[in-house]
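Student: Listed below are the residues making up each chain.
Protein chains: 4
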Amino acid sequence: MTQKCKVAIVGSTGYGGVELIRFLYLHPHVEITSVISSSTSGVSIAEGFPHLTGIVDQKLDGIDIVKMAEEVDLVFTATPSGVSTKLVPQLIDAGLKVIDLSGDFRLTDGAEYEAWYKHSPAEDIYLDQAVYGLSEIYGENAAGASFISNPGCYPTATLLGLIPAIKAGLIDHRSIIIDAKSGVSGAGRGASLSFHYPEMNENFKAYKVNKHQHIPEIEQVLSDQAGEPVTVTFTTHLVPMTRGIMSTMYAPLKGEYTDQDFIDVYKQYYENRSFVRIREKGIWPATKEVFASNYCDIGFAVDKRTGRVTIISVIDNIVKGAAGQAIQNLNLMMGWDEQTGLNFLPVYP
Amino acid sequence: MTQKCKVAIVGSTGYGGVELIRFLYLHPHVEITSVISSSTSGVSIAEGFPHLTGIVDQKLDGIDIVKMAEEVDLVFTATPSGVSTKLVPQLIDAGLKVIDLSGDFRLTDGAEYEAWYKHSPAEDIYLDQAVYGLSEIYGENAAGASFISNPGCYPTATLLGLIPAIKAGLIDHRSIIIDAKSGVSGAGRGASLSFHYPEMNENFKAYKVNKHQHIPEIEQVLSDQAGEPVTVTFTTHLVPMTRGIMSTMYAPLKGEYTDQDFIDVYKQYYENRSFVRIREKGIWPATKEVFASNYCDIGFAVDKRTGRVTIISVIDNIVKGAAGQAIQNLNLMMGWDEQTGLNFLPVYP
Amino acid sequence: MTQKCKVAIVGSTGYGGVELIRFLYLHPHVEITSVISSSTSGVSIAEGFPHLTGIVDQKLDGIDIVKMAEEVDLVFTATPSGVSTKLVPQLIDAGLKVIDLSGDFRLTDGAEYEAWYKHSPAEDIYLDQAVYGLSEIYGENAAGASFISNPGCYPTATLLGLIPAIKAGLIDHRSIIIDAKSGVSGAGRGASLSFHYPEMNENFKAYKVNKHQHIPEIEQVLSDQAGEPVTVTFTTHLVPMTRGIMSTMYAPLKGEYTDQDFIDVYKQYYENRSFVRIREKGIWPATKEVFASNYCDIGFAVDKRTGRVTIISVIDNIVKGAAGQAIQNLNLMMGWDEQTGLNFLPVYP
Amino acid sequence: MTQKCKVAIVGSTGYGGVELIRFLYLHPHVEITSVISSSTSGVSIAEGFPHLTGIVDQKLDGIDIVKMAEEVDLVFTATPSGVSTKLVPQLIDAGLKVIDLSGDFRLTDGAEYEAWYKHSPAEDIYLDQAVYGLSEIYGENAAGASFISNPGCYPTATLLGLIPAIKAGLIDHRSIIIDAKSGVSGAGRGASLSFHYPEMNENFKAYKVNKHQHIPEIEQVLSDQAGEPVTVTFTTHLVPMTRGIMSTMYAPLKGEYTDQDFIDVYKQYYENRSFVRIREKGIWPATKEVFASNYCDIGFAVDKRTGRVTIISVIDNIVKGAAGQAIQNLNLMMGWDEQTGLNFLPVYP
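Residue numbers (the UniProt record's numbering), protein chains in the order written: chain A, 1 to 349; chain B, 1 to 349; chain C, 1 to 349; chain D, 1 to 349.
There could be a bad hint or two in this list.
Because identical chains share one entry, a pair is satisfied inside a single copy or across any pair of copies.
With a straight-line Cα cutoff of 30 Å, these simulated DSS-like cross-link-like pairs (lysine-lysine) come out [claimed, not checked]:
1) 304 - 118
2) 4 - 254
3) 167 - 304
4) 254 - 304
5) 211 - 167
6) 118 - 281
7) 86 - 304
8) 211 - 281
9) 6 - 97
10) 67 - 304
11) 67 - 97
Please keep in mind that the hints were generated in silico from the structure rather than gathered at the bench.
Please model the complete structure; the sequences and the hints are all you need to start from.
Tutor: Shown next as structure tokens:
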């Protein structure tokens, strides 16, 4: 690795962007050439994020495609949905590699995107180029790719928790219920009454019930894996904490399987993957056990009484659910070990 | 009401006991004659609970059945499971009215109790006398009763959220999944590593998956209401907050029902009840909206795509889930308005 | 008390306003005639505060002085600083009694107000009429008053903690340092980045160091009590919690006084007051011990090594620091027992 | 660096021990040879700390001095006060290098230790060998040392915040008041009622006022720096958060100094140090800005009105206040760059 990969981060003043900086700053093969924010260009990034003072305090640039094309190899777009639809095509056309953290290129069907996101979709020509970067499932597609669409936080926790059981025929994919819970950072850095500290502290809320834009993403991937259309019931809740997602998933068993059957299937499925950890029988992961790390931890509870299994999957929504997986995708894209620059232990307690 | 009802509270140093004191202290028809703790008798209750300093700082008594029989009319037993089995029969035999907040008299079948609670059950002769005090459902049984078994916190939130839909035939009771979340006070006041602040803060955990002792209580009542055996999948989680329970419940629709159908059925079902509030379409209750109050708030999300409804029910676990409902039961037992001494607004924020 | 006192609450959609509703709703001598919000008139208050659903869901009115003058006896103005300066004079001129919860009438010197608040002050003619409502200190002035300026949250905790020691000559008032900490609700209901949940959670911040507008209020009262000008060093911090203020205060001892001397002096000073509680030697109050109540709890630590005392005073900032004390002032103004409608126990845990 | 330094960690199941593992696991020059816990030897460390599953799940060893002397170069003793007094001398006598994280070797005067810690002190012969490892102040002493006593968390935040001002003559060291606040992890991993989640959540508490064992440590160092005996008033509080310490410090100015004077003096004093960051005028650090990192951030507020300065210093109590500084000391001891293995950005949000 004689030459470092030069990257720009667009959307550096959001939580996804600043988490990219946390990891990429120490990534041995990457150089952060430019941190970009359309809204606050010209000021030091450390002004809005004092924790970066004296470490990363370069000035925020505005978006300048020509300049990026000259100076960097790859752009991370940690931009809101509706912004990436327009920005990413320009970056691609300028010959830049792109890893997009928005939801704008995850759904292959533009009409589906419009129905759930309430924005106009990107053009099909770009949607078609996007490689869906759920690393443990579609990692081989990432190798050598030049445009990766990074998965959503809820889909990451959910899909990693469901796919091995579906592929192994342990569960019936036609009756899956997903009860998901997220820390508040998932809502981004924009202040609003719902996330105002006194409103959110000591509170537990459901939101967007049956309406969350991650539903079609989950269904698209599950359908691909199951080989037939899959619909799911999916509920999202906010937990009074900053980071972490737990997906609690319910599915009917297709046979008299035990906890150990699930454990064995999942351990084998994720055998060569660094970031998925399977809990032993009777032990379920808690969100704090993956805090600030790229791990996804999964546990099981088979219930003979009801013929169902409960699968519990946790991630840090900003890491494995956003910036961490984006870097994992970069590693896979470039042919580096997937752990490069990501091998930090969870912060505990 | 010329003469006040004299009550003793056994287990005054737990969260259920101290919450009974908070409400009963201002109850117009009640006099707290004795606060009892077997472990710390002799010291002022305000020593362990400084928030009571100068308000309720009477000395804690030990358990003395004869004395209670002479001095009080009714005993609240906020004692741990396994203690009430032995204590309550003595109180009943001594002619005292009892409202028991433990789980020891909720299950009518002693064998079922033993299977889930891992303690020996109470004798059938006492189990048979217990009136199950889910106020909004079995309130008429409470009138004039002398021994009430107060429901569990999870069952209260869950059953109030499910029963009207089952009775009205809106949902199929054979395939119910309940994803429940509780604040940490539900675990009681006993310190342990799991509930140590640095372990529980910024953390979300599942526990006792498929094993929680409230499962048979929920199933017993649902079976009674449905007229046939009902089994449910039930998962419990801990939220990093002190108070509050949310039950998120999933069931298949039995027809093409709308949110409004649910709203109408529930509003009618709870028409004359003070403490159940039904949210309008597209609005779901949050736990903070019932904090420190006796309310149970319920909202709905019908999903045509999957043919299921999601029902969301919240309570304060220490109030409607314990002390508040116990006092509501006292009111019903004595023929007082059910709101007496309970008509406090939720504390917000 | 045959006729209830009819009140209007202006600013009903802030935390102070909604807390007034929580207490006044159950106040035996008060009727809430009108809840007023200039910004959201016409909609039900329960729309913005769902915890009030079915209890207090009257429509919010706009400000109409003539209508108020006809319909109510007294107005609580829980309006922001800079709004009350203009609104309160109109209410007074219309013959209404007023209890103002803003800071606009606390400082007797308009120039001082302008220097710290950065707004134009109210006219002197109105400033002169305002009775400063620190109930335990100036309660006698409230009796029969028609316009009360309710103290700030920090000044309430601080002044109740300092005045008895100054009056008794235990401490040197010329070298007082106050280190104050507040829950986030003190910042009001307006969302902003500083109070965005992910920014404030698991965080402890200092703010407005030496610049807080409560400094001149504290100094004005201490100067009045000491009989000579007093200046203090005063620092404010935000604690990741919703409610509660602690003032930790440092002062040089004027003699070889002990903890017990302080306890004795304070117990005597507050002998007939319901809401101040003095802790015994070696015990200091925590904010949770007054949560949601009108109490102010105070403890002491004399340090012979350094010749200083540390005085610790806690209140709930929205109750004793705002709405609760406002109602206490109403009670004193009307000649009712000061505990009327305020005798709720702290909510614990 | 051909050969790695082999280390053992005694007390691996406490928060200090597990944080040592988090950093040392990635330290380029260190190999963790043994993780030791006297209480739970024989089981995998990941059993008690599931976040380590699959990363560090070696078995916990018991204490075996002979084995350690053979296998490792250096021992970190993250053991409770009173344990290190006996253990560390044995390690030293066995020829091992030691970095002790307890308080047992910080005070040079055994009698002082006994007075504050209520344990028998270590023998003078060992106390005399201990190098006090406040890296930015006494770093030169660490070079080549074989036994370092790692500073306390409160002293670290406090001393780094005070010393440059004292050395430069900006403040009068005879009248310093320190108001300190800590996250709950500072109390260790032992569960007890005080730290039980429902008791500590939404609560702010003072504790050990004027009695904290870190007082003599602070005074010893300040006396050394000032060249004459210094006493301080020092109060400790618990904040409802897991990590972080803020010391808010008050001292009289010795002249008409400005904020900028302080900023200049501190920037110069810490010019070549990696982990101390000075905030600009009018900006004060918050604890979250150093979360999970080894930074100490400091800000100032000079108050002309009172002739005092308020100095605000924050650290992560488990990192710069314990494990991080211990590794910084290791680096200094071994002649490595002080940032080695510690150059992680704070985790934000």
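Student: None of the hints should be skipped; say for each whether it holds.
Tutor: Hints versus structure:
Taking CA atoms no more than 30 Å apart as the test, residue 304 paired with residue 118 passes between copies only; the shortest distance there is 19 Å, against 42 Å inside one copy. When the C-alpha separation of residue 4 and residue 254 is checked against a cutoff of 30 Å, the pair qualifies neither within a copy, at 49 Å, nor between copies, at 52 Å. Taking CA atoms no more than 30 Å apart as the test, residue 167 paired with residue 304 passes in both settings, with 21 Å inside one copy and 27 Å between copies. Taking the shortest Cα distances, residue 254 and residue 304 sit within 30 Å of each other both inside one copy (12 Å) and across copies (25 Å).
Taking identical chains as interchangeable, the C-alpha atoms of residue 211 and residue 167 lie at most 30 Å apart whether they share a chain (27 Å) or sit on different chains (28 Å). Proximity of residue 118 and residue 281 under a CA criterion of 30 Å is satisfied inter-copy only: 21 Å between copies versus 43 Å inside one chain copy. With identical chains, the CA atoms of residue 86 and residue 304 are never at most 30 Å apart, being 51 Å at best within one copy and 33 Å at best between copies. With identical chains, the CA atoms of residue 211 and residue 281 are at most 30 Å apart between copies only, with a shortest distance of 13 Å across copies and 34 Å within one.
In the homo-oligomer, the alpha carbons of residue 6 and residue 97 lie at most 30 Å apart inside one protomer (11 Å), although the nearest pairing across protomers, at 43 Å, exceeds that limit. Taking the shortest alpha-carbon separations for residue 67 and residue 304, neither the intra-copy value of 61 Å nor the inter-copy value of 49 Å comes in at or below 30 Å. Proximity of residue 67 and residue 97 under a CA criterion of 30 Å is satisfied intra-copy only: 14 Å inside one chain copy versus 54 Å between copies.
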